[in-house]
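Asks: Below are the chains, spelled out letter by letter.
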Amino acid sequence: MSTSVFKPGERQLSDPGSGPTENYLNAGFSAKSWLLTVDHKRIAILYLISLTFFFLIGGLFALLIRLELLTPAGDLMQSETYNKMFTMHGIIMVFFFLIPAVPAVFGNFLIPLMIGAKDLAFPRLNLLSWYLYIGGGLLAILAIAFGGVDTGWTFYTPYSSTYSNSNVILAALGAFIAGFSSILTGLNFIVTIHKMRAPGMTWFRLPLMVWGHYATSIIQILGTPVVAITIVLVALERLFSIGIFNPKLGGDPILFQHLFWFYSHPAVYIMILPSMGVMSEVITCFSRKKIFGYDFIAFSSLAIAVLGFLVWGHHMYTSGQSIYTSMVFSILTFLVAIPSAIKVFNWTATLYKGSVSYSAPMLYAIGFLGLFTIGGLTGVFLATLAVDVHVHDTYFVVAHFHYIMVGGAIMGYMAALHFWWPKMTGRLYPEGWARFSALVIFVGFHLTFFPQFIVGYMGMPRRYHVYPEEFQILNVFSTAGATILGIGYLIPLVYFLWSLKYGPRSSANPWNAKGLEWEQAGSPPETFNFRDTPVVMEGAYEYEPKIWLK
Amino acid sequence: MANHHHALQHHFEDLEQQFESASLGMWAFLITEILFFGGLFAGYLVYRSLYPEAFAVGSYKLDVLLGGVNTVVLICSSLTMALAVYWAHKGERTKIVVFLFLTIVLGAAFLGIKAVEYTHKFHAGLAPGNAFSYDGPFADQVRIFYSFYFSMTGMHALHMVIGIGLLTYLIIRARQGAYTAEYSTPVEMIGLYWHFVDIVWIYLFPLLYLIGRS
Amino acid sequence: MAHHTIPTRVYYTIFFTLMVLTGLTVWVAFQDLGAWNDVVALSIATLKATLVILYFMHVRYSSKLTHAFIVAGFLFLVILLAITMSDYLTRDTLIAPKAWDLM
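Chains as they are written, first to last, in this note's numbering: chain P, 146 to 695; chain Y, 1065 to 1278; chain Z, 4 to 106.
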């Protein structure tokens, strides 16, 4: 190895004059060249901008919720308003941020680059996905503008289908349309991964990010249509009182929960699996090591996707569902812990004896490891039938799923954003600020949600705007943490925008990382990604230099 | 491929890769359709098991003759669709157009008969909703049966309407000579969709029309 | 191209079989077989669907990957139906009353 020595954690600036001058960003500047683009990279940027917008709106609702819960009395808003706050927070964050987040931005941008393709299999369909997402999002915004929805993001019947006086149909239609965006994205990824791989890119040479997205796509195309038809049935019930969910006519509201959770439980894995893919990329790069247990991580993604469809009833232990079914669901839910734990152990083993450096993406990845583990283990508590009956609908549940969705999915999203920002924009962000904000987010997150485990276990129910005084101190911690967390998310917004203009230009491979997107494409990549179709000669993550005795 | 076919999109290596991708994509889409209708079938199954008598009563009010004729019409349309794909593979422009047209006619006939059935049910007060006026035994549960009847056949009919739209597009393109022996992917893909819609009806017919006849 | 052209004779044979099965399913519906009526009706429907998939949709001549996709689709449909029904079939043993008994 006679080339220049690369110090772990040190970023490489580009040599002036090197790198492609023409790239996907400067290929056109008109609004039309963006809004009618079929380039997967430009569509990823469109998603990035619109997702940020929805994240801010969802965050605003979170802020109002935490502000109201600062004191035990309902001094900021009426209970009806509060119902709308947590509903809109849930709907926006789940359907318009978490589910599309990593796949729509990083999957879109990276899958063709990682497998050596010029684009996704169906570029126009990809653009249609974005328009559907925007269309659904606009309907959700309209629902807010007309006074909001108060059913909770789960749209439980018969409240949503018969009794609620809020804009249920508008919001549900928004979720329905965004669902088709998700289906088409998943379909596009599956076909692309099957049919567009470059010569030599065998299944077991794929970066694990691609495996994660493949598993995600399976859930998207198998689960989403069920919730789509369920939403149609709720709308029909509301419009025409067809009776399917109305107990007065012999309908069963619990059927809605079955159909809803058949999708919405696996949807949690739609949120987390792509972030798990990000983890495998970031941890190997910043440990300078080959991943430990490639096959196990790859197949555990598929196992999570499949097992995820067998456990939905653990949301329904107290609904009136048969207790025998609940017991079976409980046992099956424990099984999901196995592939999840396999992943965590393998990532940890990858760190072992690696040359670990603590750049911003790695800080987020390590944050993910800790937070996801806490979220996952408390998930095992909740899977346990008897324990769940005790903590059902308390803040314990709220804390658990925020540890998975924010601590897991969004930490992965932030890791990805920092890791691939130089690739996507050709600019470097300020590393010091990035590490600082990672720390702020980590601290803010724990301060927000750890007290909620305690207050939930003590019996504070979710979805109420007033609570007994003895819960106040923990809620004050939580609100303080949410403030820190909010600031933590705003700092990156500022320095990323700053870096677009003032950030130093990045080389093609600033992290000295492995993978076609780093080694064979520019930063930013050109419109068709590669000059020539790459030929792949080795597996992913060959970080350890092969030492030959001379 | 040295000489690029005009239908080859830039990001594919050759027409074969393009065809295989389209085919796989179409099948992935049809899987989502299976689960889309699957939600309705799950609901049907639940209520059928809860209220077997009411479902028999409701089903008995449906017209087996019209339902049967429609089944025949739809299977005929699947045959003409299959033949349209057959001739598309051979690149015979006129025959593609003829068989696509026959498929549209049969599809329209199906929808016509369906409209007649719907009208009868509306007049008989069997349309679910607050106008539902049947008051025999199990009235409320019969209403649920008709909710399923209308939402399942309605969703099926919606797919038929979309299918007819797609077939019309195919005819226009076929007349322009877009489909040749080398490239007939759209005809084949929309053919798959049409057959899928047929399959849904193959299940709907016995589940809705033929309960409790014995 | 990977097209396998099926002779039209096959299409007509399948069409004829589908017609016969349609007649059969109507006839059998009017015979009293007890619980077996449903089983027979669904078996005939599945046979018809299989014929359409294999021949009209050319799946008999498609890749293993396509077969896997189709099997997966139906497998997950069965998961949806079976697990949902497992609730309804065992709910009568529940201590608490059912929602619709309360009304």
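Any given hint could turn out to be false.
Stated by the list, open to error - Here are the simulated DSS-like cross-link-like pairs (lysine-lysine), alpha carbons at most 27 Å apart as the crow flies:
(1) Y:LYS1125 - Y:LYS1159
(2) P:LYS393 - Y:LYS1159
(3) Z:LYS67 - Y:LYS1159
(4) P:LYS435 - P:LYS393
(5) P:LYS498 - P:LYS177
(6) P:LYS498 - P:LYS434
(7) Y:LYS1154 - P:LYS393
(8) Y:LYS1125 - Y:LYS1185
Everything labelled a hint here was simulated from the structure, so no lab data went into it.
Asks: Now look at each hint and say whether the structure bears it out.
Replies: Here's how the hints hold up against the structure:
1. Proposed proximity of LYS1125 (chain Y) and LYS1159 (chain Y) is contradicted: the alpha carbons are some 41 Å apart, above 27 Å.
2. With a C-alpha separation of about 56 Å, the suggested pairing of LYS393 (chain P) with LYS1159 (chain Y) is violated against the 27 Å cut-off.
3. For the hint linking LYS67 (chain Z) to LYS1159 (chain Y), the alpha-carbon distance of about 31 Å lies beyond 27 Å, and the restraint is violated.
4. With a CA separation close to 61 Å, the supplied pair LYS435 (chain P) and LYS393 (chain P) exceeds the 27 Å bound.
5. Taking the CA atoms of LYS498 (chain P) and LYS177 (chain P), the gap is near 50 Å; set against the 27 Å cutoff, the hint is violated.
6. Among the hinted pairs, LYS498 (chain P) with LYS434 (chain P) is consistent with the structure: their alpha-carbon atoms are about 9 Å apart, no more than 27 Å.
7. Between the alpha carbons of LYS1154 (chain Y) and LYS393 (chain P) the distance comes to roughly 59 Å, so the proposed pair goes past 27 Å and is violated.
8. Using a Cα cut-off of 27 Å, the hinted pair LYS1125 (chain Y) and LYS1185 (chain Y) holds, with the two alpha carbons roughly 9 Å apart.
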